[in-house]
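Asker: Given next are the chains, with one letter for each unit.
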Amino acid sequence: MTAPAIVTENLTRRFGSEAGGLLAVDRVNLRVEAGQFFGFLGPNGAGKSTTIKMLTGLLEPTAGSIRVLDLDLYANPVEVKRQIGVVPEGLALFERLTGPEYLNFAGRMYGLEREMAAQRTAELLEFTELADRARTQIGEYSHGMKKKLALAAAVIHTPRVLFLDEPFEGVDAVAAATLRSLMNRMVARGVTIFLTSHVLEIVERLCTHIAIIHKGQLVAQGSLEELRTGVEARIAHSGEKLTLEQIFLEIVGGARAGAAQELSWLG
Amino acid sequence: MASDTAKQIGLIALLRWQILRNSLRTTRAKLEAIAHTLVAVGAAIVVLIIGLGFYASAFILVDAGRYGILLVLLWVIFVAWLFLPVVVAAASTSIEFREFLRYPVRFSAFLILSLAYSLFDPVALTALFWLVCVGAGFATVKPALLPLILPPFLALAAMTLLLSRVVMNFVERLFTKRRGREIFFLVFVLSMLALQVVGIGAESYLAPAARFLKTHPWILQALPPNLVYAAIEGAIQGEPQSVLAATALLLAYAGALFLFFRRTVLAQYRGEDLSEGRGRSKEAATLIQQGWNIPFVSGATASLLEKEIRYTLRNGFMVMNLVIPLFVPLILAMAESSSSRSVPFFQRDPGILYFGSVAYLLLVTMHVASNHFAFEGHGIQLLLMAPVEFRQVAAAKNLFYGTVVVTEALAVWLVLAVLGKTPGATATLVTLAAVPFLLLSQITVGNLLSIFFPRRFDFGKFKQRQSGMSVLLGMTQQVITLGIAGALFAVTRWLNQLWIAGLIYLALGAAAWQAYRLMFDHYENIARRRREALTQELCQG
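Chains as they are written, first to last, in the working numbering: chain A, 37 to 303; chain B, 127 to 667.
Please note: incorrect hints may appear among the correct ones.
Some chain B residues judged to face chain A by a derived CB distance under 8 Å, without partners named [claimed, not checked]:
id	residue
1	GLY381
2	SER429
3	LEU431
Far from chain A, by Cβ distances over 10 Å, these chain B residues were calculated [unchecked claim]:
id	residue
4	LEU137
5	LYS340
6	LEU392
7	LEU509
It is worth saying that the hints were derived from the structure and are not from the lab.
Glycine included, every Cβ here is placed at the ideal spot set by N, Cα and C.
Please model the entire structure based on the sequences and the hints provided.
Answerer: Take a look at the structure:
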């Protein structure tokens, strides 16, 4: 039996003091099976980015444990990092390198030989349609180009688990299609993708499994069908299939009563 | 409308105060504020001492009736006010008042803020203080003439304030484009060198210019410091019309500059975009080159070194830091050969010249070591996420610094040899023996400062300031190690036993190596604890 790709136990992160600090992530127990396309959702400030930072070694948990591909992240950080790829919130780009220089750099940092790094760099630049900007420094790329490059760098070493923090934010339809295409190919080859996004339509279309975090706590986890069945059992609905957006709003309590009475001065 | 403008300025002042108050919430921020205060107090003491010098000079000169030299003092202050802001811009902080444009700020409020911004610049305050010192020195001897000389002094202050703002606006605009920055640094380096060379052969280079100015004296007379000097002369000789004429001309300059300044501020107010534009041209697909292969180091370390070198060569400030130390011995040696004056002490012995040049190159090239993640930006995330130990990243940076310093130390020796000032074997070996001690102590402290007090810098951006703690501790370390090395060199040379210094340097180098190893052993844990602060600081913006 294949080991799960990601398992967290009571994962907790507190910022500041015990008394007055902020409990950003509160005893989260996640389980992501190998090969899943996993969507991690939550409203702004729910703890998504904090969780993904802990899962990728950018942030130390206050308590709890993380296992990636059956390895304890904090006992074997280098071994775990070798097997994962990450597109973090800030994209992790060196803005004064050119695209090829950056991909080469990323490849070699992840242990690829020079020849292999150069070959994959060329292929990834072609795939992401960045080959014609090979001499341009990354600082001069558009936002969409930067996202594509960051994704290319995250996959250059053939990771087994890919973490993507808001990969579609600020990306146009053309770049989004390229990103989706790359992700689908990776999942088809057995790679696990762990993705956070606010674009629920895309998550609904791509992800097979979903977890929802709200105010630091995991409030739902399962396949999309399981979440849908759970919500439909709780509320009265027209009989039409609930969309992910409806499920999400129902779970995090997004429909606010009395909203019409607020800000009456706006007209 | 005037009350609206006042309200808006008041609101912005309140906003600045709230930002300052909120920025002091953490212990680290408080420590930073203390360090900045200490550095500022140190700088203020220097400014005060120089100001007292200006006061005393003006007092003595006026008392002795040697007014002519007052003109030199006025010129020094005028030039300092205009050019120091450009030179120190990288080390001072910026108030991004343009961001207030997102609010419905009136143009009058924006204009006043823009002027206030230039007045609160430390260099402007310094120059203004020195000008007051010169005026006070004059007025102490001749108090009766104060009402006469006050207007031209005020007019000079207003004019210079506006002129410096116009110059800074121009430079800021130039810096928004990469090509502009590159041209600026090229011109800056060349002009620094040219100044030295002109200074060396002043008689031959400047003679035609001096002759021209002699035949056209009105050019010099119309320059701002000369106008103030003319007003002073007029006041002393009881010719108020001269004072009036000089003041009027200074005010006319100020008026013209104000109109120019207003135009540039208006352009900003109307939304002039100073950001770096994106090139739209398509490039031909290029063959992808393989990364560098460096013998004896791993692929990751080789790629880190490659990245360091690329980043350095794309950064004008860093290139300047690398180039200038090579010219210092050249300039000093040329100055000696062309000067008819007595040869300065440090030039009599090429060994001293070599030691001094190496100490200088360490000072100049290594100051970046105390904030060596400054230019990584979001790239720091990749360094933290990659499957390498973080100390490997630091080691690659240290290796880069070591390579630079050793290469430059040898290059400086070659420059001296080419100039016929080859340092003796003992002086050469002793100087090179000092390098490990100086370099290792600097990078040991630098590695820790870089991780404890990181500060993000952007390429070519104006007004960026290093952490106050980093400046304070880094400077302390440099003063101590260079002080020890310099004192040892001087004493043993005086005793004609220079080799003893070499032995002591080697012992100190061994101790510094132990300290470096100790730091290195703990670096991974320190980095793990500090990674959050590191990413937070470097990824902001």
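Asker: Each of the hints needs a verdict: does it hold here or not?
Answerer: How the hints compare with the structure:
no. : hint   : verdict
1   : GLY381 : violated (41 Å)
2   : SER429 : holds (4 Å)
3   : LEU431 : violated (11 Å)
4   : LEU137 : holds (22 Å)
5   : LYS340 : holds (50 Å)
6   : LEU392 : holds (29 Å)
7   : LEU509 : violated (8 Å)
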